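What follows is each chain in one-letter form.
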Amino acid sequence: MSDTAGQITEISGWVVRARAATPLALREVVLVGHERLIGEVIALTRDEVTIQVYEETEGVAPGDPIYATGEPLSIELGPGLLGGVFDGVQRPLRKLADEEGDFIGRGQRMTALDREALWEFTPEIESGRAIHEGDVLGRVMETPALAHPIVVPAGVSGTVQWIAPAGPRRVADTIARLDDGRELTMLQKWRARVRRPVRERLVPDAPLITGQRVLDTFFPLARGGTAAMPGGFGTGKTVTQHQLCRWAEADVIIFVGCGERGNEITQLIDELPRLVDPRTKRLLAERTILIANTSNMPVSAREASLFTGATIGEYYRDLGYDVLLLADSISRWAEALREISGRLGEMPAEEGYPPYLSSALAAFFERAGQVVTLSGGRGSLTIITAISPPAGDLTEPVTRHAARFVRTFWTLDRQLAAARVFPAVSTRSSYSETPAGVTSWWSSNVSPQWAATREEAMKFLEEAALIEETARLVGVDSLPEREQFVLHLAERFQEDFLRQNAYDEDAWCAPARQMEMLERFMKMRREGVAS
Amino acid sequence: MTTAGLERRGLAELRGPLAFVEGVAGIAFHEFVDLVGSDGETRPARVLSTTERGAIVEVFGVTDGLKLDTSRVRFHGRPMRFGVGPELLGRVFDGLGRPRDALPPPACVERRPIGGSPINPCRRAYPRDFLETGISAIDALNSVVLGQKIPIFTESGLAHDALAMQIIRQAHAPSVEKFAVVFVALGLPRDTATRYLDDLQTSGSRGRLIAFLNLADDPTSERLITPRLALTAAEYLAFDAGYHVLVVLHDITNYGEALREISAARGEVPSRKGYPGYLYSDLASLFERAGRIAGRGGSITQIPIVTLPSGDLSHPIPDLTGYVTEGQIVLDREIARRGIYPPIAVLSSLSRLMADGIGEGRTRDDHPDVAKQLYAAVARVERARGLASIIGVDELTEIERTYLRFGERFERELLAQRGNESRTIAETLDRAWTVLRELPRTELTRVRDKTLEKYLAP
Chain A
1 MSDTAGQITE ISGWVVRARA ATPLALREVV LVGHERLIGE VIALTRDEVT
51 IQVYEETEGV APGDPIYATG EPLSIELGPG LLGGVFDGVQ RPLRKLADEE
101 GDFIGRGQRM TALDREALWE FTPEIESGRA IHEGDVLGRV METPALAHPI
151 VVPAGVSGTV QWIAPAGPRR VADTIARLDD GRELTMLQKW RARVRRPVRE
201 RLVPDAPLIT GQRVLDTFFP LARGGTAAMP GGFGTGKTVT QHQLCRWAEA
251 DVIIFVGCGE RGNEITQLID ELPRLVDPRT KRLLAERTIL IANTSNMPVS
301 AREASLFTGA TIGEYYRDLG YDVLLLADSI SRWAEALREI SGRLGEMPAE
351 EGYPPYLSSA LAAFFERAGQ VVTLSGGRGS LTIITAISPP AGDLTEPVTR
401 HAARFVRTFW TLDRQLAAAR VFPAVSTRSS YSETPAGVTS WWSSNVSPQW
451 AATREEAMKF LEEAALIEET ARLVGVDSLP EREQFVLHLA ERFQEDFLRQ
501 NAYDEDAWCA PARQMEMLER FMKMRREGVA S
Chain B
1 MTTAGLERRG LAELRGPLAF VEGVAGIAFH EFVDLVGSDG ETRPARVLST
51 TERGAIVEVF GVTDGLKLDT SRVRFHGRPM RFGVGPELLG RVFDGLGRPR
101 DALPPPACVE RRPIGGSPIN PCRRAYPRDF LETGISAIDA LNSVVLGQKI
151 PIFTESGLAH DALAMQIIRQ AHAPSVEKFA VVFVALGLPR DTATRYLDDL
201 QTSGSRGRLI AFLNLADDPT SERLITPRLA LTAAEYLAFD AGYHVLVVLH
251 DITNYGEALR EISAARGEVP SRKGYPGYLY SDLASLFERA GRIAGRGGSI
301 TQIPIVTLPS GDLSHPIPDL TGYVTEGQIV LDREIARRGI YPPIAVLSSL
351 SRLMADGIGE GRTRDDHPDV AKQLYAAVAR VERARGLASI IGVDELTEIE
401 RTYLRFGERF ERELLAQRGN ESRTIAETLD RAWTVLRELP RTELTRVRDK
451 TLEKYLAP
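Chains as they are written, first to last, in our numbering: chain A, 1 to 531; chain B, 1 to 458.
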């Protein structure tokens, strides 16, 4: 599959240029140098190809060969992803460690999905049936809690001539043969940068419960919605993201550690197999997929990691599940984009970022949504991203562009973080364009009073903030008694409601309990103000 | 085809720390080359980009006085390496890894590429073993664990050198025998570097120390190599020889400026304040070499020192450092002005890995509660002080005045300590209780009742 396709002429970091001997396609995967490093064709002229290499290029020299593969960079989809840890281009990190040890080397290509693992396949159709894209052929239990339907890939239809009987199968084994001779397996491939097709995109109509009071009650996020969480360093972005990764109510959670710290990924790898999902009573590790491209791993693979995550997310969405994708952080992703753009010699726009930063962000966020899948079922992909604005400046390009594409904006506040109030979500500069469906969900599932009580609480917080400003000038004692009371209650509200310990039983708070606490506080407010 | 052993006379261009070599094919990316001037001196250099016609190399040494036609380039056909082995301990090297202590080069067991390789996140061991510095403000409130990276953010004129030396002298992990310190000077003035060496020699820490010195008047570009040599040595000690290694990098601001200089010379598009867009990734390639590996004994703990340019925490270097590291220890001029050493600002300092490294079986059962209570109380002190400066102390409420008294005692009795005073974590926590007793019991809301009962009664 790989013939010498050309000769390298130039190397500058992750960008390699070569003279092609055979015609290559844009976005085709090529293997670079004698070590056959993974690369992708990102530009073509009549006599030169430009390649983005996903591994360190140290030691590669002009004159070294490149090899064509004839295939675009694609993501492997099928049973066996859950519980996995992958790098930005979906290399399985556990297997990589088994093969080459504690440090990540180069030129190791291995399939994301284990080709030898056996899955107990149960067919759900009979031979002779006409099938279309999205139809369910059968299923396997990927984990004890999650049934993984094996569906007909997009664009495929025909009549089933043979379907595999119930029994153990490997992902690449044929499980169905069509009348035109085509063979289907449990393994699908999909190009990372291309959206997967759906029958219909729906308006989100329910909240994604995170168990975090300040988020669910004040700045709710819809299932299939998008959120951005900007915060300077030390404001608790990662702790909050980890909280969501642990406790958010989704069937599948994909955590993309995109240019962040190695120890943080390790912490998740360590603890997820020990934590229990409060709803399914299963281990959290069984519903989680980690994509780890830490800050010292290749920058080019960091750029790819978001799309790798989104593609896997869409796949589980298409199987009818509610999926949450967490990305920490898109600032590091944007920096990767900037670095590659710089190496390509492109004209920069703001702060050195390429002019297409905004459209690239849009392409990512638009992959979120609640949909009717090709098979007619329902699924959703919700996206929450952390943003690390330089110097905490929310007017910088990445924050500004992201704000245009997300509906929920959770601003983390340095002062709250310094006072160790976590999650340090600012109630004054965060917002959520809550869809009507979210409000009616709370009304019908928790309390008809939800919207009114929430509004009352928002006003109360605003009032308290204004009083506090006055108090800072004149001292609490000089305030009228009513204002002293509001201030005092606001302090308790921050202590008992907004603040939430990530490390004890308070880490997850059910919606009904949130409402109960909120109502109790508002009752105290009404009574206190009246007396 | 490799260029190993190849030598070429003549350069096409010289510009600052960059040299352009032409007419040599097959030069590998990041290949290590030597640039030899007519003075006979060898300057190590590294390939920054390469084409069929030639390459751009960055020179780690002085390029002044070099001529195009008489300079020679010697190719090695491989990346730059550094020889590691147990004999490194106790030695002092210059910024390029050559002995500075008038002793012959140490024997090495292996020569390793200085860039290192990323640790597979699946093989890291999450750091959770307490590293005692003997300094109350750090041990109680910003506890450091083995394998953590936590910088000291400071300003010119503050006591960061005294603090760093004290940490180097005192740092130890309970129940750990093999402990080593790697001191990395990046653009330090000669007298400062000498002070460090003298201090370490007289305190008897020498046998467990390796020093790499790139001084203020050494070539700027050398600074990009020095920390990588040091970390290669540290990795050997930690992951092959089982040492717990503390790496002090001083000063990262000088390192960042060296990076900017090279980037500007290359004509790269700058991001903020002229620093290259890859400043974050480059810093990460140093700081992420801290950590622990499952099944291997040792660890690398990093304490980089960052001098904030004009005290600005939002400057790209401290800002991006803060994003990579696991917390920060912030020194504060105002506290220093009150005559307090070490002038550590408790609230703006943070140790991200603290929660898992303290408490029963690690430090002491009351530690988490005491730390939480102290943060809360210090936050109240700050508020009361702010208010007092506007409306005067007399107008404060009784409880606010109590907090002012607490603040005084906290600074004098817990925060402040002598430069040669090492406190055990138990001593530190006992002192914390002494000052917490200044507050009424009703204010101690962050401490669990059973902890209060055990420790509050004098």
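What the hints contain is simulated information worked out from the structure, not anything from laboratory work. Any given hint might turn out to be false.
Under 8 angstroms between C-beta atoms, here's a sample of chain A residues computed to sit facing chain B [unchecked claim]:
#1 Asp270
#2 Pro273
#3 Asp277
#4 Val474
#5 Pro480
#6 Glu481
For each label pair, taking beta carbons as the anchor points, the in silico distance ranges come out as [said to hold, decoys possible]:
#7 Gln201(B) - Pro273(A): 45 to 51 angstroms
#8 Lys523(A) - Ile391(B): 51 to 57 angstroms
#9 Asp102(A) - Arg100(B): 44 to 50 angstroms
Remember, predicted model here, so these are calculated numbers, not experimental data. Here a beta-carbon is modelled for each residue, glycine too, at the ideal position from N, C-alpha and C.
These are the hints, each one checked on the structure:
{"no.": "1", "hint": "Asp270", "result": "5 angstroms, holds"}
{"no.": "2", "hint": "Pro273", "result": "12 angstroms, violated"}
{"no.": "3", "hint": "Asp277", "result": "21 angstroms, violated"}
{"no.": "4", "hint": "Val474", "result": "7 angstroms, holds"}
{"no.": "5", "hint": "Pro480", "result": "15 angstroms, violated"}
{"no.": "6", "hint": "Glu481", "result": "14 angstroms, violated"}
{"no.": "7", "hint": "Gln201(B) - Pro273(A): 45 to 51 angstroms", "result": "48 angstroms, holds"}
{"no.": "8", "hint": "Lys523(A) - Ile391(B): 51 to 57 angstroms", "result": "34 angstroms, violated"}
{"no.": "9", "hint": "Asp102(A) - Arg100(B): 44 to 50 angstroms", "result": "32 angstroms, violated"}
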